[in-house]
Every structure is written in C-alpha cells, then in structure tokens.
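Peer 1: Chain by chain, the residues:
Number of protein chains: 2
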Amino acid sequence: METTPREEINQRINTFQKELTANDLEGAFILQNADLFYFSGTIQSSVLFIPANGEPILMVQKNLERAQLESSLNNVIQVKNKNHIAQILRDFEVNQLSTAGLEMDVLPANLYIGFRKKFPQCRWVDVSGVIRKLRMIKTDYEIEQIQKATAILHTGLTEIRHIIREGMTELEIDGYLAMIARREGHMGTLRMRGWNQEMTYAHVLAGDNGSVISYLNSAHGGSGNTPAMAQGAGFRRIKTNEPIGIDYGVAVNGYIGDQFRTYVIGELSDTLKKAHECSRNIHLLLAREAKPGVSCSHLYDLAVEMAAENGYSDFFMGYGEGQVQFIGHGIGLEIDEYPIISPRFYGILEEGMVFALEPMFVLPKEGVVGLEDDYLVTSKGLTRLTLTEQVVIHI
Amino acid sequence: METTPREEINQRINTFQKELTANDLEGAFILQNADLFYFSGTIQSSVLFIPANGEPILMVQKNLERAQLESSLNNVIQVKNKNHIAQILRDFEVNQLSTAGLEMDVLPANLYIGFRKKFPQCRWVDVSGVIRKLRMIKTDYEIEQIQKATAILHTGLTEIRHIIREGMTELEIDGYLAMIARREGHMGTLRMRGWNQEMTYAHVLAGDNGSVISYLNSAHGGSGNTPAMAQGAGFRRIKTNEPIGIDYGVAVNGYIGDQFRTYVIGELSDTLKKAHECSRNIHLLLAREAKPGVSCSHLYDLAVEMAAENGYSDFFMGYGEGQVQFIGHGIGLEIDEYPIISPRFYGILEEGMVFALEPMFVLPKEGVVGLEDDYLVTSKGLTRLTLTEQVVIHI
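In the order they appear, the protein sequences are chains C and U.
Using my numbering, read the first sequence as starting at 1237 and increasing by one per residue.
Using my numbering, read the second sequence as starting at 1237 and increasing by one per residue.
Keep in mind that the hints are not guaranteed to be accurate.
In silico DSS-like cross-links for lysine-lysine, where the CA-CA straight-line distance does not exceed 30 Å [as the list claims (entries may be wrong)]:
hint : chain 1 : residue 1 : chain 2 : residue 2
1    : C       : Lys1475   : U       : Lys1384
2    : U       : Lys1254   : C       : Lys1369
3    : C       : Lys1353   : U       : Lys1510
4    : U       : Lys1298   : C       : Lys1509
5    : U       : Lys1318   : C       : Lys1369
6    : C       : Lys1354   : U       : Lys1601
7    : U       : Lys1527   : U       : Lys1475
8    : U       : Lys1601   : C       : Lys1316
9    : C       : Lys1527   : C       : Lys1509
Calculated directly from the structure, the hints in this document are not laboratory data.
Quick caveat, the model's predicted, so the values are computed rather than measured.
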C-alpha cells in the first residue's frame, strides 16, 4: 500500500511551521482526518501536535502499529489514557502553551472546550484558513494522485455509456458508477470540509431532477430518494431526449478527482444544446485566460459575462434560490478546497493549484447541462487533468 | 417521496421539550443533519430552534421550498442574511435566552463561538446526550424504516453469494454490494456521530485482511486500499477456504440496517468454525436473556463469559490493541447510536430500542468470523429485524 513519502510530509510540516511562526503561534493541534493525513500520512485515531519549531508529535489513540507503518514522522507515541496526552506534552516540554492553533472550523465544541480546560493559560487561534491555503498548492506527488483519480473517472464515464438505457432508474446508474469506482480503487469516501455537507459517490440527475434545488452548496442538487439525504439520484427513470447529468467523484490515496458529463439517449433540445455549448465555450475562454496572477473573481466575471451574452444569466450555476456564486472549487483531500472561483474569494491563481471548473446551466423542469473538468495551474496556464474528450455523450 | 409524518415530529418535539424543561433549559438550537432530520423532517440547510414551550422555528438558509415540503413544522422561515436569525428570534420573542442547549459533541467550535457571541448572556449546555437518549427509543414508524433497510441488506447478502468467486478482489465485491444497495434505494450515506468516524457502504474482509486492526471503533477494521481511508476492502484477492467477512450497511429514509455474514468458498478451519458457532450461540443466549430491564453491561458480561468458556477470550471483539469493549450498538439515523451493549454503558434495555448485535471473533492472520443481526426490544424480549437465516454462507 502506498504511503505518503517522507519528503512530502517534511515539506508540508516545514511550510506550516513558517506560517505558525509568522502568526506568532507556538504550535497547533491537528485532529481532523484530512488534515491529519496531510501532515502525518495516517488517519489512525490521533492527536498531532506541530510545534512552530522542532519535531511534530503524533499521539496515537488507535492503532499504533498502523500509524507507525503509515506515518514517516519520528515521534509516533501510544496514548494510554485520557490524561496521557498532557503527560506526553510535558515530556516534550510543550505543555506551557500560551498561543496555539486549532482547526476551529471542523473541531467539535466539546473537543475545543477540552483543550481550553487542559491549557487554561492558552489563547486559541483558528488555523483552518492557514491549513486550507497551504493545502491549496499541490506538489507533483499530489498531482499524480489526482491524476490516478481522474483516470478512474474516465473509465467510469466511458463504461457507463454502454450501461445506460431507457427505463433504468437514476439509482441503478449511480450503483454502476459506485461499482466501477470501487473496483478501480476509489477509497470509498469523498471528504467535504463544509459543515453538514455530505456526498454520495455520484450524482445522476435525469431531466427535471437535474433542476431540483437542494441544501447542497452546488449548482445542481437533485431529489435523492428521501428527504433524509435530499440530493442526487432517485427512482426516476431515464427517458429519451433528456439530459442525463452525471457528476462523478473518486478518491485515490486521499486525493479527489471530480467530473461532470451530460449524456443523452436521442437529442437534447436546442436550448439545452446551446447552454451546453456555452459551458464548453466558458471552459475554452478560461483555459486561455487563466494563469498565475489572474484573480479568481476575474475568471468568475468572465464566465458570468459569457453566460449573459448567451442569454443564460438566470440559469447559470442554478436558478432562483438555487443559484450559487462560484464556477469552480479546489480539489485535493477534500472536494471543497481552495481556491474557489468566485467573486467572494479574494485570491489569485498560483502555480500548483488544482481546481474543478464547472460552468453549469440549470433550466427549470428541463434539467442540468454543462461540463466539469479538473485543471492544474502551471506557469504557462491551465493543464487539464481529466481525460474525457467527449462533451455531450450520446448513448 | 416519503416524508416523516407530522405526528412523529410532534411527538419527538414534545418529548424533547419535556427534557428541556426538566433540565431547566429555555430551548435548544439543532443544526446537525441527523438531529435536524429527526426533529424537523428535513436536512435543507437550517437552524432549528426548539423552545421548552411553544412552537419550534425552522430557519432555512437553503432551500426554503423543499424545507416547506419536507417538514411538517408550522414555522418554516427563510433566512435572508447572517444577522437575520437574531431578527427572527426577536420576532418570536426568544432572543433573551439565559440557558439553552447545543449539540456540543458535533457542532464545530466556530459555530459554538458564534452562538456565544450572538447570545453573550446565555449559558450553553450540551444536549447531545439528551438527544441521543431520546432517539434511542424507536417508534413503529422508525422500526418500519429500519425494516425496509434490513430487507435491502437481505437482498444484497443473498445476491452477492452468486457473484463472489475465487480471484475477485474485495473491492469488486464491495462495488457489487454498493450497486445493489443503491439500486434498491440505499440513500447513499451511513451517518456516524463519532468524531472522525467514516463509513463506506460495506466492509469486505477476506482472510487475513479481516484481522487488520484499524482506527475505527469496531472489532474488525480492514486495510482498505490506502492509509487515507484505512478501512474495509482492498485489492486483496479472494481465496478458497478462508472466511470472507461482509459487513453491510444500508439506510432508507435515514434509517440504517447493519448486518454481518461470513462467506466461504470451500470450508472454514475448525478453529474458525468453532468461533463462528460461538458467535451464533451468543446470539441465541442473548435472545433468551435480553428483555426490558436487563442491563446492557449484563448482556455484555454474558457474551464475554461464553467466549471465555470456548477459549476465545483473546480474540473476542478483536485482539490486542484492536479489541473493543462492546458487542452491540444502537442503530437509527446514525450507525453509532445508543444503547451500546458495553460494560461502560450504564443503561438497561427498554422497549423500542433497536440495536445491532455483533459478537465477532478476530483471529490474527486468519480473519474475522461472526454474525451481526439487528434486534428490536419488545415487552417480551428481542425480535430480529434482519431477515437472513443462513449463518455461514457457502459459495
């Protein structure tokens, strides 16, 4: 099984330590699975302390043996009981913290209160923004992992073309996509950082289900088959001449690829064809314009303008209450990473960013069409990481 | 699409309001998907305020229309901006809270801090324990939903028998189980309340992979195919004469069924056969002994004693560091509900509880065997909700 290379972990820790120092923090506690994996190479139940200077300490609650195999950190220590973490920190002479960081966007209140009680003298600072910015810039190793994920996406999106037929339910197609993903090595979850945000392996949204608005922070939501989940595929059956939107996610060694394609048995209406063509043109435009130094909000504006020129302003990235204010999002260990290609994201493109670009059109009662592909920002511009050449896929 | 009946919601709210009053709380804010669904019938992005007296207020951030369709609550109100929640509460004259509840086991620190800032005079109390105890007792409606889930489990566990063959990878089998689950209506996630706990649709653990310890709070863990997920199926290929442990979860209308069966191509070793027989005997013993009033820790002790009598103490519910101290767990909207059949859970069986009983044996390098079935506690004792009669399933 592939573990994160030692030099990767060292580099990540070093960069984070510089940020800790710049922010006058003596260290930070890392607990959440995605962050823990990023900085240690393992998600075995642990508390990771990263001091601003010196070696990190991985305190493992369960399972020590695997944590030692998976993590290249030098200090991997078994936690024996509730009070043992304080003891370990005393042993490393880091118990007198006065300012330290926590992942306060995801850490549950009770754990936060626990830290406050254990270190009553300490001022706690939210380092989730710092971590998300760090994780935003991908190394070659990370890009390779995302490419493995996009290769599986391509396999699935190609294979499913031969499976879809009239009368099948969205859920059947979703099931096949799940089967292919797992068979090819999808790790089985698509992590999202956002509170209460959850994800199935795929969204399969046929016809009007593509225009059902949901709680999800996404242009398309879908009915699902219960209000308890309220997104994605349901028991609706596939018909001819309607868009079948498939949003597919796969994670390999933690890293996510994310792609959307529109399928159709027969033909799309002229309106949908034109909207789809507009999505394609936004991709082509942004692929020309996007390069290091260009602001995310500028890219968003360009996309919105093109949608408006084509008369689709009201349906771009959803309609009505369902309209979302972004056309792309970073991908990595989580599906909702930075950068966000949005007017509200104050950042410029930098080399090493990887994002999913998804200019989508949602037409009430008709459905969702568009293209989503993953791009790497290089010094020269965008490199596409997704492999599927077809745009509208005819069954 | 099926929505939660109004009388269900009303009953849940009423019981919770009694608890709020008994705990001297003026109300509680509910935000987490499973709790939100339980008390409102929707997971559309919302903040639910339940006062100790009077009508709850569902404040919807996204999407109002679906929230109104899905929830039978009377006050379903659109939140327009960040400050609007305070305004809505003022309109309902509940802004001067002095003591109120939050789900502090799951609510992120930043949201908790946000509540403290918005209501500086308020003392906040963790109501997660109260909610979990309430949700522990299932109504007839909830039991019906769990039965729909166990029907799908039975379909999957029966169908997979004809699919498994020598040389397949665990991941292929896992993929088929995902496909069947979704086809039959699994909602696509298995919610867990525990911090950092995550779940794939199934665990498929063949031979020695069944004895790989993981971070997961479970007797069996499995390697997975990456340290980034570190549980469940991997690329290991199925061999003859080894146990193929399948732990399968499915959720219908939010409610989870959870079952484990051991498959084998050929024959299990005598040790594994005997361990499996012991798991079956623990089921039979507990089905005789368990009834309202019996303590969970007593049931745990009975199981441990029987495992010891058979010489399997060291391998019961894992081995070494992987050994867990429970033999069953409540199921409902989450897979880690109360009651926990554990020496550390101070509670007695009550009518309406539903739990998965999973006396498992994990033999180092050999694998995992056992039986997991779901039971309802009735006035007369246990009623099995899972449908599969076969114990060891020969391919």
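Peer 1: Does each hint hold? Answer for all of them.
Peer 2: Results for each hint:
Proximity of Lys1475 (chain C) to Lys1384 (chain U) is assessed by CA-CA distance (about 28 Å); at most 30 Å being required, the pair is judged to hold. Of the supplied pair hints, the one linking Lys1254 (chain U) and Lys1369 (chain C) is violated, its CA atoms being roughly 46 Å apart against a limit of 30 Å. Only pairs whose Cα atoms come within 30 Å are accepted, and Lys1353 (chain C) paired with Lys1510 (chain U) is rejected, the gap being roughly 49 Å. For the suggested pair Lys1298 (chain U) and Lys1509 (chain C), the alpha carbons sit about 29 Å apart, so the restraint of at most 30 Å is met.
Between Lys1318 (chain U) and Lys1369 (chain C) the CA atoms are separated by roughly 24 Å; this keeps the pair inside 30 Å, and the hint holds. Annotation: proposed proximity of Lys1354 (chain C) to Lys1601 (chain U) is violated, straight-line Cα distance about 40 Å (limit 30 Å). The hinted pair formed by Lys1527 (chain U) and Lys1475 (chain U) fails the criterion: a straight-line CA distance of about 41 Å is larger than 30 Å. The straight-line distance between the Cα atoms of Lys1601 (chain U) and Lys1316 (chain C) is roughly 25 Å, inside the 30 Å bound, and the hint therefore holds.
Distance check on the hinted pair: Lys1527 (chain C) and Lys1509 (chain C) sit about 29 Å apart at the alpha-carbon level, within 30 Å; holds.
Hints 2, 3, 6, 7 from the list above are not met by this structure, while the remaining hints are.
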